[in-house]
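Chain by chain, the residues:
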Amino acid sequence: MAAIRIENLRKGFGSLEVLKGINLDIADGEFVCFLGPSGCGKSTLLRSIAGLEELDSGSIHLGDRDITDLRSAKRDIAMVFQNYALYPHMNVRKNLSFGLALNGMKRDEIDRRVDNAADILRISELLHRKPRQLSGGQRQRVAIGRAIVREPKLFLLDEPLSNLDAGLRVTMRVELAALHERLGVTMIYVTHDQVEAMTLSDRVVVLDKGKVSQFGTPLELFYQPANLFVAGFIGSPRMNFVTANVVRQDRSELTLSGGGLVRDLTVETLSSAVVAKDKPVTVGIRPDKLELVSPEEAHLVGDVRLVERLGTESHVHIALENGSDMTAVVRGTHPVSNRERIHLRIPPEHCHLFDAEGRAIARALEPETQMLINQEKSKRVA
Amino acid sequence: MDMTYAGAEPKVAKRKRSAIARYAAPYLFISPWILGFLFFTLGPLVFSLTMSFYDWPVVGERTFVGLDNYRTMMMDDPQFWESLWITVKFAAIYVPFNIIMSFFLALMLHNITFASGFFRTAFYLPSVISGVALVTIWSWIYSKEYGLLNFMLSLAGIDGPNWLGDPNLAIVAIIIASLWGLGGTMLILLTGLKAIPKELYEAATVSGVPGWAQMLFITLPMLGPMLLFTFITSIISAFQQLTIALLLTKGGPLGSTYFFAMYIYDNAFKYFDMGYAAAGSWVMFIIVLMLSLGVMRWSAAWVYYEGEVRQNDGDGHA
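Protein chains in written order, with our numbering: chain C, 1 to 382; chain W, 1 to 318.
There's no promise every hint is true.
[Said to hold, decoys possible] Examples of chain W residues toward chain C, derived with CB under 8 Å: (1) L193; (2) A195; (3) E199; (4) G208; (5) P225; (6) F229; (7) S299; (8) A300.
I should point out that these hints are in silico values taken from the structure, not numbers from a laboratory.
Keep in mind it's a predicted model, so treat the numbers as computed, not measured.
Beta carbons: idealized from backbone N, C-alpha and C, even for Gly.
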């Protein structure tokens with residue numbers, strides 16, 4: 001078993017507290033991404049699991065073993081570094097076998113593991129080369145190979161694709177997913193790239209300022225963000241936000257008005273009781289869900305500042321009348337142009353609501369979205 | 001149209017001028033160095049080589065003697081071999097000690113976090129002190145009656161020896177005094193240590209590579225070019241050892257610190273035999289050159305350059 005349990009983990013550097021009480025339960029064989037902006041503590045968290053950082057408090061369990069105070073080498077983990085960390089003076093074979101040889105492993109076993117890893121990663125013909133004779137993708141494979149030969153219970157990957165160009169990143173992403181499928185080992189992957197996180201992970205840990213903002217499946221994060229931070233961080237272009245006040249509350253139905261809205265918006269919630277009348281709420285709407293409508297149907301009015309034509313779709317940047325900015329995604333050939341007055345409708349079934357503290361107000365999802373999320377969850381459990 | 005045509009000729013001339021200026025400019029910029037090199041390095045080098053084939057007294061007629069100076073030196077002058085042997089002995093002890101001590105000092109400075117700037121400066125300072133000042137300090141340290149070293153030994157109940165008066169200890173005293181200026185070597189190695197990516201050690205730590213193996217298989221190979229450089233410059237400075245011995249022991253006692261450089265110095269400025277001294281200089285040059293080439297060749301086995309692709313490493317870039 002290589003499930004990981006992290007309890008109340010805290011870590012600071014001097015007076016700066018980087019990790020502020022992290023609690024996580026990662027299942028055996030799961031692929032989990034730590035996602036967040038620069039400085040959120042994701043790399044520090046990974047390094048803490050690796051034993052490269054001394055904890056201030058808290059504990060880490062790998063399977064049924066408490067590894068909090070164990071040396072890195074004794075944790076049964078392997079780590080892939082952002083800049084590969086290959087030994088430049090050793091050829092690929094030596095890079096792969098270096099740690100094994102010094103741990104007293106027999107020559108035959110080392111050769112078997114190295115050849116097996118080289119075979120999996122298709123680097124057999126590169127074993128005699130020095131790292132500088134390899135391309136970025138090949139170096140990355142060698143770095144992953146060095147982790148594979150250890151046959152660890154847990155793989156830790158610290159932004160392993162960030163030094164590769166866009167095309168190679170996509171290829172390596174697919175290969176990493178296939179590798180996880182093949183090895184079936186628990187993997188923790190640090191990234192600031194949400195596309196990597198969403199495509200690779202079983203579940204994603206979104207970190208914000210040293211705290212877990214949300215821990216869920218990729219679709220959960222996208223369709224049921226727990227708070228404003230996750231809602232704004234996941235999705236590209238990012239979610240639009242507009243403030244409004246609750247003017248009417250009828251059981252599970254909220255009517256919102258004022259703020260950035262030019263027309264009342266009525267939405268269904270699962271827990272309307274948590275928002276009192278006249279309290280401010282933030283309405284979130286994904287750019288592709290905004291609808292361009294006639295003035296009579298519009299919830300929002302603004303002027304087009306810029307149209308980015310991307311082919312299949314166009315991104316329309318809008319300055320609302322109340323001064324805030326918004327982005328709408330329309331079809332690529334939509335005739336909208338700069339400085340044009342634009343009227344937008346927020347479809348109530350697609351909007352997200354957040355209370356004054358930024359917490360999500362629960363809403364029912366569309367049946368097929370809910371089904372997809374359930375499928376994702378059941379796949380993870382299986 | 002006329003105006004355009006009228007302007008064409010000066011433009012061509014200007015282009016020609018600028019082409020000459022373009023080619024000449026780099027040479028003009030480095031000309032001060034080239035002139036300095038020609039007059040103060042290459043000139044004296046060629047001059048000293050010519051001199052070495054002459055019987056060249058400072059005052060009086062010079063006579064061409066061919067290879068006589070070299071032959072006499074090697075066949076009929078026991079002092080040549082004695083001074084060379086003393087220099088080799090000195091180099092054999094000084095060079096490894098200089099590198100090993102510099103390496104461990106650099107390692108300590110690399111790892112300390114408290115007042116690292118102060119310690120770096122403190123260890124480097126001695127290497128910028130002039131030779132004469134350094135000798136003045138060390139002659140006091142080594143003084144039999146009033147010296148700091150013997151005073152310290154007396155605190156431990158040891159009757160300190162006559163450091164500079166004992167033929168067996170004098171060379172040791174000079175080695176210690178020379179090692180006092182290892183700050184330069186230390187600084188080069190410290191720079192090398194700082195340039196090693198810490199991820200290499202972290203990757204090794206996660207892989208269970210013990211500390212001694214990280215030192216042996218990561219630190220030392222990664223420092224290879226710096227170690228090679230300090231190795232060669234240490235050999236050169238060991239063979240050029242003059243100031244400390246000349247001022248501290250004057251070659252004594254009983255010629256035990258009579259270095260090869262002092263032998264050349266005496267022939268030139270004591271016996272005024274410039275041709276013979278020049279021949280001695282060329283012998284030293286050839287010895288140092290051969291040693292350096294030997295070390296360079298040997299280094300191919302243990303020095304790795306990041307920008308280097310060796311033939312047997314593979315078939316080039318991917």
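Practice item. So, W/A300 near chain C? Judge it on the closest CB pair being under 8 Å. Key: Given a least distance of 13 Å, the restraint on W/A300 is violated.
Check your understanding: Against chain C, with CB atoms and a cut of 8 Å, does the hint on W/A195 hold up?
Key -> Since chain C brings no Cβ nearer than about 12 Å to W/A195, farther than 8 Å, the hint is violated.
Check your understanding: Once the shortest beta carbon distance from W/S299 to chain C is found, is it less than 8 Å?
Key -> The hint is violated - W/S299 has no Cβ within 8 Å of chain C, the shortest such distance being about 13 Å.
Exercise for review: Would you check whether W/E199 satisfies its interface hint, that is, whether its CB is within less than 8 Å of any CB in chain C?
Suggested key: 4 Å, holds
Check your understanding: Can we keep the W/P225 interface hint, with Cβ of chain C closer than 8 Å?
Key -> Status violated, d = 11 Å.
**Study point:** Satisfaction of the W/G208 interface hint, Cβ to chain C closer than 8 Å
**Key:** 3 Å, holds
Review point. Per the CB criterion, is W/F229 less than 8 Å away from chain C?
Key: 17 Å, violated
Practice item. Go through the hint on W/L193 and say holds or violated, using the shortest Cβ distance to chain C against 8 Å. Key: This hint is violated: W/L193 lies away from chain C, its Cβ roughly 15 Å from the closest one there, beyond 8 Å.
Figure legend: structure checked against the earlier numbered hints; hints not met, in rising order: 1, 2, 5, 6, 7 and 8.
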